[in-house]
Amino acid sequence: MSYVRNAWYVAAWSEEIAPMTPFAITILDDPVTIYRGESGRLVALEDRCVHRLAPLSLGRCEGDRLRCMYHGMLYEPEGQVVEIPGQEQIPSRARVRSYPVVERHSWIWVWMGAADLADESLIPPAVGLDDPDFILGHGQLDYAAEARLINDNLLDFSHLTYVHAESFGAGPEFAATQAKITPLDRGIRYQRWIENSRGSSSRASPVPMDSYMCYDFLIPGVLLMTGGVFPLGTAKACDYGVPDLAEAISGVTFTSQAVTPLTEKTSRYFFSWGPRRGHGDEAFRDMLMGIAGKAFAEDKVMIEAQQIVIDRTLDPQIMPTAHDKGVTLFNRLVEKLAKAEQERIRVAA
Amino acid sequence: MSYVRNAWYVAAWSEEIAPMTPFAITILDDPVTIYRGESGRLVALEDRCVHRLAPLSLGRCEGDRLRCMYHGMLYEPEGQVVEIPGQEQIPSRARVRSYPVVERHSWIWVWMGAADLADESLIPPAVGLDDPDFILGHGQLDYAAEARLINDNLLDFSHLTYVHAESFGAGPEFAATQAKITPLDRGIRYQRWIENSRGSSSRASPVPMDSYMCYDFLIPGVLLMTGGVFPLGTAKACDYGVPDLAEAISGVTFTSQAVTPLTEKTSRYFFSWGPRRGHGDEAFRDMLMGIAGKAFAEDKVMIEAQQIVIDRTLDPQIMPTAHDKGVTLFNRLVEKLAKAEQERIRVAA
Amino acid sequence: MSYVRNAWYVAAWSEEIAPMTPFAITILDDPVTIYRGESGRLVALEDRCVHRLAPLSLGRCEGDRLRCMYHGMLYEPEGQVVEIPGQEQIPSRARVRSYPVVERHSWIWVWMGAADLADESLIPPAVGLDDPDFILGHGQLDYAAEARLINDNLLDFSHLTYVHAESFGAGPEFAATQAKITPLDRGIRYQRWIENSRGSSSRASPVPMDSYMCYDFLIPGVLLMTGGVFPLGTAKACDYGVPDLAEAISGVTFTSQAVTPLTEKTSRYFFSWGPRRGHGDEAFRDMLMGIAGKAFAEDKVMIEAQQIVIDRTLDPQIMPTAHDKGVTLFNRLVEKLAKAEQERIRVAA
Chain A
1 MSYVRNAWYV AAWSEEIAPM TPFAITILDD PVTIYRGESG RLVALEDRCV
51 HRLAPLSLGR CEGDRLRCMY HGMLYEPEGQ VVEIPGQEQI PSRARVRSYP
101 VVERHSWIWV WMGAADLADE SLIPPAVGLD DPDFILGHGQ LDYAAEARLI
151 NDNLLDFSHL TYVHAESFGA GPEFAATQAK ITPLDRGIRY QRWIENSRGS
201 SSRASPVPMD SYMCYDFLIP GVLLMTGGVF PLGTAKACDY GVPDLAEAIS
251 GVTFTSQAVT PLTEKTSRYF FSWGPRRGHG DEAFRDMLMG IAGKAFAEDK
301 VMIEAQQIVI DRTLDPQIMP TAHDKGVTLF NRLVEKLAKA EQERIRVAA
Chain B
1 MSYVRNAWYV AAWSEEIAPM TPFAITILDD PVTIYRGESG RLVALEDRCV
51 HRLAPLSLGR CEGDRLRCMY HGMLYEPEGQ VVEIPGQEQI PSRARVRSYP
101 VVERHSWIWV WMGAADLADE SLIPPAVGLD DPDFILGHGQ LDYAAEARLI
151 NDNLLDFSHL TYVHAESFGA GPEFAATQAK ITPLDRGIRY QRWIENSRGS
201 SSRASPVPMD SYMCYDFLIP GVLLMTGGVF PLGTAKACDY GVPDLAEAIS
251 GVTFTSQAVT PLTEKTSRYF FSWGPRRGHG DEAFRDMLMG IAGKAFAEDK
301 VMIEAQQIVI DRTLDPQIMP TAHDKGVTLF NRLVEKLAKA EQERIRVAA
Chain C
1 MSYVRNAWYV AAWSEEIAPM TPFAITILDD PVTIYRGESG RLVALEDRCV
51 HRLAPLSLGR CEGDRLRCMY HGMLYEPEGQ VVEIPGQEQI PSRARVRSYP
101 VVERHSWIWV WMGAADLADE SLIPPAVGLD DPDFILGHGQ LDYAAEARLI
151 NDNLLDFSHL TYVHAESFGA GPEFAATQAK ITPLDRGIRY QRWIENSRGS
201 SSRASPVPMD SYMCYDFLIP GVLLMTGGVF PLGTAKACDY GVPDLAEAIS
251 GVTFTSQAVT PLTEKTSRYF FSWGPRRGHG DEAFRDMLMG IAGKAFAEDK
301 VMIEAQQIVI DRTLDPQIMP TAHDKGVTLF NRLVEKLAKA EQERIRVAA
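Residue numbers (UniProt numbering), protein chains in the order written: chain A, 1 to 349; chain B, 1 to 349; chain C, 1 to 349.
Everything labelled a hint here was simulated from the structure, so no lab data went into it.
Please note that a few of the clues may not be correct.
What follows is a set of in silico ranges between Cβ atoms, one per label pair, in the way DEER data are often shown [what the hints assert, rightly or not]:
1) Ala322(A) / Gly63(B): 22 to 32 Å
2) Leu184(B) / Ala348(C): 42 to 52 Å
3) Glu264(A) / Asp315(B): 28 to 38 Å
4) Glu264(A) / Arg346(B): 31 to 41 Å
5) Asp130(C) / Val207(B): 25 to 35 Å
6) Asp130(A) / Lys265(B): 46 to 56 Å
Which bits of chain B does chain C cover? Going by a derived footprint, with three or more residues having C-beta under 8 Å, they are [what the hints assert, rightly or not]:
7) 156–162
8) 176–182
9) 298–307
10) 313–323
Don't be surprised by glycine CBs; every beta carbon is placed ideally from N, CA and C.
Produce the entire structure from the sequences given, and follow the hints as far as they go.
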């Protein structure tokens, strides 16, 4: 199973890219350096000097250019070398790859595939930390596991009942019931109503209520979810569809999450979470972030242990269950898109 | 060189397996989880869920069953899945391997081969920590080395003269003389009398005496040894055979040791040591354990260094010496048994 | 690209080889132990016992011999086993490789190739710490990088302008100008005058002056350099050749440096530096060592990062620049010598 390259991957939080300071990350095994030039222009270059393969991320920003600090090659934002100390002629092959890069929703998105296909409309509609309609906290975790295992985890919430019984306070409903699943162009939509429950630890209630969760899981690995608790009967009243958020008892929250494959067996996981404005305050956000910190550490323990078992298994085979419908649909979508990418490359060659 | 699988391997001390708490170990590269169910039943299962290969050792005991805490598959002690959350049908292939497991002599023994051949009479007659006839201390060490190298070490006590000159206070006799070696059905017996010596640091004596050591080294890698000091002349009087333990001057001791291959290049070493009751007290046992702690650390330094040299040698070849008779006999026995196992599997297939 | 084996490699500082105490090092992936016997004789043996491959460096010196402390094999300085405990006969194949070894210039040099070709006149003329004409400090660094990358670094000083702008206070001259390069039998000579400059941090001057550097870089990876500052006009006066050192304003210094490949991807870097006597005192030497400590750490950061990028690159290709003339010449020399060695071995076989 491979990954889609013609997609926007989250490389960093906006705040991680300081002015004139190269940042290093590996995405899909490609070393990438990202910097903001003097003009504020955001640049993402292959992090490998053409001369002797030193990382450009150890280099120095000069205007909007980046100088390798080993022997001084100077790079344009588009990747061409424009200066080779001690040499007049600059070979045309003296260039590194320049990646399309966009800053949006407080994230730095890098397009890892064919530059001519980079389409900003494919950036998932995450919510930025500065969005006035939300009060969000955020964090990130590095995994010693392949991204696919984290995607699989996020594509099947039945694990909440077991992995997160204490942190999220999830009851047996997640494992006992199926979410409504709708295929999207570049992902899967999950909708789930849990009726007549007192909610989980993050949204506990003294009276029974209806609890709503809806999320899109989008290529390459981005989860965008709205959740909230509503008066008993809301689920039935809206025919298990989308409720009027204004009718929520409390706690309509939104979370953006992104899984980025670094190398074949390592990944970075970015997340934000918090209430819609009017549905909670900073204290509520902080409580949610405390729960998230505990819960995401639980996932990490399980998934990294799973990776170790997989790695020591000769021919690892999974046995899908009824809850894996979404996992299977999403992975088929990834395979279809990855295959089409390969086909396009074959035809072009 | 391979290992015998149709054998009982020490997986843990009895005390390591707490009630209702899965324990994880890898034996011969197989991930295994061991637990005591509510009824007290001891269970050893393949530590790999059929669903997505998460380790069952992160699971939860429910009665005598074990639930995977990733997505909730519930396993019987025999390995079958009996519950898949959100799904009625349970495929017959939804089962993991269940290993024969026995608690005896304070050790948990797991049979790593064909279950139908598991024969409790093959469990080596170690001495448990609770045996009223002995006063035993115990410990364990993990090695970054293959089990075979530790076995080889224990099969040739000529190393005592060099590796343990200070800790055991072993003199030149171990390297200068040969033990009497007797092949057993599933191992080798070593007998050695050292005459007219003042003994080693663990059994020092003001007057010359005869020192006796006899041990069996048994498949898969278990050492069971009696040692003691006797009046000068005892060796000759018993024709270098088995002495009357009642005639010992002091310090008739017993040690049980077990070497368990975890992975191809890692091992766990379990040991107990102490006097027979009437031949020493708790203080004597503690003195022995202090010596053992020092000596076994000396072995670990040498064997892990040996492993590093072997690993960086293109075609590692050993050059056996006269002292290697027991090593050679035991390794031939292992190869013979391993080959027979392979043959049996071929015929069955 | 391979390394030359018929060459003297620096294995250690003289002071590292204490009397009767085996020292362990790996050179070109060969495990080697070095010791001084009772007579003071220096011995270098393959660090791998013929018996069970334990490292002899864990052994004990007995006279000028070395005893393996696993099972007691005793080795002559020439590598033959002369004692096998418990055994009369000693097979003729019971021998390890003995390496030609010489102590000179405060370094222990080991010849890694065919012993019959070992020629002490090929030892590079480094300056020892005890040379009365110099006041030298010294140090060493281990690299997680292949030796070739460190050699390449030392063969192109244009990196001083970028990597060491602060530590050495190197200006743009190193990248802007070419050194004069002269091929030697077993290396390359670099000469460089920087005219009308106030010098670098290690040789700052209130008035403009001419700065001189000349170094030989010799097989297998030894740098020997003289540097100093001279009155303005000296460069022109001596036609950019060798100045009269007596005319130096201050600070004529000498540095010996050696790069030793340990394994395929690790290396050890030895260095000394200081003024000629009469050109500076202990305080000047200590100032130089402080600068060197900072500068060599800068190299290490860059080169180890370069190694990581190379390792994750499928088919790593460099793109040489005008400054790489010396790098190219030296690496061609290495390839030529390595090829001749291989040819000699083929013919002999």
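For each hint, the structure was consulted:
The given range of 22 to 32 Å is respected by alanine 322(A) and glycine 63(B), whose C-beta atoms sit roughly 24 Å from each other. For leucine 184(B) and alanine 348(C), the Cβ-Cβ distance of about 51 Å falls inside the hinted range of 42 to 52 Å, so the restraint holds. Checking the proposed 28 to 38 Å range against glutamate 264(A) and aspartate 315(B) shows it holds: the Cβ atoms sit about 31 Å from each other. As the Cβ distance of glutamate 264(A) to arginine 346(B) is approximately 36 Å, the hint placing it in 31 to 41 Å holds.
About 56 Å separates the C-beta atoms of aspartate 130(C) and valine 207(B), a value inconsistent with the hinted range of 25 to 35 Å. Checked against the given bound of 46 to 56 Å, the beta carbons of aspartate 130(A) and lysine 265(B), roughly 52 Å apart, stay inside it. Counting residues of the region 156–162 of chain B whose C-beta lies closer than 8 Å to any C-beta of chain C gives 5; at least three are required, and the coverage claim holds. Only residues whose C-beta sits within less than 8 Å of a C-beta in chain C count toward coverage, and the region 176–182 of chain B has 3 of them, enough to reach three; the restraint holds.
Counting residues of the region 298–307 of chain B whose C-beta sits closer than 8 Å to any C-beta of chain C gives 4, which meets the bar of three, so the coverage hint holds. Residue count for the region 313–323 of chain B with a Cβ under 8 Å from a Cβ of chain C: 8. That meets the three needed, and the coverage hint holds.
When the structure is compared with the earlier hints, a violation turns up for hint 5 alone.
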